[in-house]
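Engineer: So for the sequence shown, my numbering puts the first residue at 1004; every next one is plus one.
Incorrect hints may have been included.
[To be verified] For each label pair, taking beta carbons as the anchor points, the in silico distance ranges come out as:
| no. | residue 1 | residue 2 | range |
| --- | --- | --- | --- |
| 1 | 1093 | 1217 | 38 to 44 Å |
| 2 | 1247 | 1039 | 38 to 44 Å |
| 3 | 1106 | 1192 | 55 to 61 Å |
| 4 | 1069 | 1039 | 31 to 37 Å |
[Claimed, not checked] No more than 25 Å apart at the CA atoms, straight line, and that leaves these computed lysine-lysine pairs for BS3-like:
| no. | residue 1 | residue 2 |
| --- | --- | --- |
| 5 | 1224 | 1260 |
| 6 | 1064 | 1013 |
| 7 | 1260 | 1330 |
| 8 | 1013 | 1052 |
| 9 | 1013 | 1060 |
| 10 | 1059 | 1013 |
| 11 | 1064 | 1052 |
| 12 | 1038 | 1182 |
| 13 | 1059 | 1038 |
Since the hints were derived computationally from the structure, they do not count as laboratory data. We treat Cβ as the ideally placed atom computed from N, Cα and C, and that holds for glycine.
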Amino acid sequence: MDLKDGGLVKDFELDRARYESFAATVSGLLERLLKAEEIGVHSISFRCKEVASLEKKITAKPSYPSLAHITDLAGVRVITHYSDDVDRVALLVESEFSIDAENSIDKRIALDPDRFGYLSLHYVASMNADRSKLREYSAFRDLKVEIQVRSILQHTWAEIEHDIGYKSTVQVPRHIRRKFSRLAGLLELADQEFVSIRTDLDVYESSVQAEESSDDALLDKITYTSYVLNNDDCRALDEVVAKTCRYNLVEIIETEKCLAVCALLEISTLGVLGRHLIENRTAVLQRAEIVAESRAELPFSDIGRGVCVFFLLQVIVARSQDLELTKAYCTLNDWSEEFVTYLMEFGATLNSRINT
């Protein structure tokens, strides 16, 4: 390493804190921009190059005139859930930052197909002119950052490649390279299929919301959510239960445990659920009154829509007088043995009122 290169390392040691702050600032800015555009991502991370890593870099290529010509001293990585979201993030980066096109690369186009894990976007960027004028960004106007964007499957591939040291196609035996090629194809297909599944679910959800679901519609997250939000009987009973129990209804719906209990009770369609709700309306209100007594001294609190279904399922389990079913129900909800006893007694009371 000559004096000039040693000077670069010294310069970086003196200025490293600024590069680290720059990487953190770009990461935070991207997080805010993505949120504003409603682009969900898996993660955003940042790093600043270590001094030892810079020494190795300029030893391998001792021709950098200055730190400004080393474009990866600060880095930010955006990992998306879906491969098509890489393009959405790319448009955002290109519109909000000044891009060094000469040093940026779209490796999805540039690399061979068996290099799946490196099929990511690598931007070299800096603050654009308008943002550089702002006081909070002015200290970074002369710095560049490497912004990588890739899907989570691409990232997984790259991390595993890095872990097992698969870099050179010359040094790796042909039969192993073939395995990597096959795996690359499978992962690329999986990336595309996840996008397809998400699209199909969006279309399905739109179709459910566009028309009133029939009684024969199978219960799933989408049909159940639509039912709770749009069915007149369910909405009306929710209002009464919430008022009785001193709850504020909010547009949040818990589906996972509800659907699990419905499966346990063999309630598989909207029609069956709706009939249970109508037939057990009085019992649901009785359960609400009991809850109200325990909450008499408590302030109003939020609860999601579908609370009447939550009480309905308790009523159905209680009325069954099936001890094993009741235990399974309480276990699913992480409730105590005391609540098992309560439900059995509550169900016996409900059944006796029917028979008198």
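Engineer: Take the hints in turn and mark each one as holding or not.
Structural biologist: Hints, one by one, checked against the model:
1. 1093 x 1217: 38 to 44 Å: 42 Å, holds
2. 1247 x 1039: 38 to 44 Å: Distance hint for residue 1247, residue 1039 holds at roughly 40 Å.
3. 1106 x 1192: 55 to 61 Å: 31 Å, violated
4. 1069 x 1039: 31 to 37 Å: This hint holds: roughly 35 Å between Cβ atoms.
5. 1224 x 1260: Cα-Cα ~11 Å, so holds.
6. 1064 x 1013: Between residue 1064 and residue 1013 the Cα gap is close to 17 Å, so the pair holds against 25 Å.
7. 1260 x 1330: 15 Å, holds
8. 1013 x 1052: Within the cut-off at roughly 14 Å; holds.
9. 1013 x 1060: 14 Å, holds
10. 1059 x 1013: Given pair residue 1059, residue 1013 holds - Cα atoms ~14 Å apart, limit 25 Å.
11. 1064 x 1052: 16 Å, holds
12. 1038 x 1182: 39 Å, violated
13. 1059 x 1038: Between residue 1059 and residue 1038 the Cα gap is close to 37 Å, so the pair fails against 25 Å, i.e. violated.
The earlier numbered hints that this structure contradicts are 3, 12, 13.
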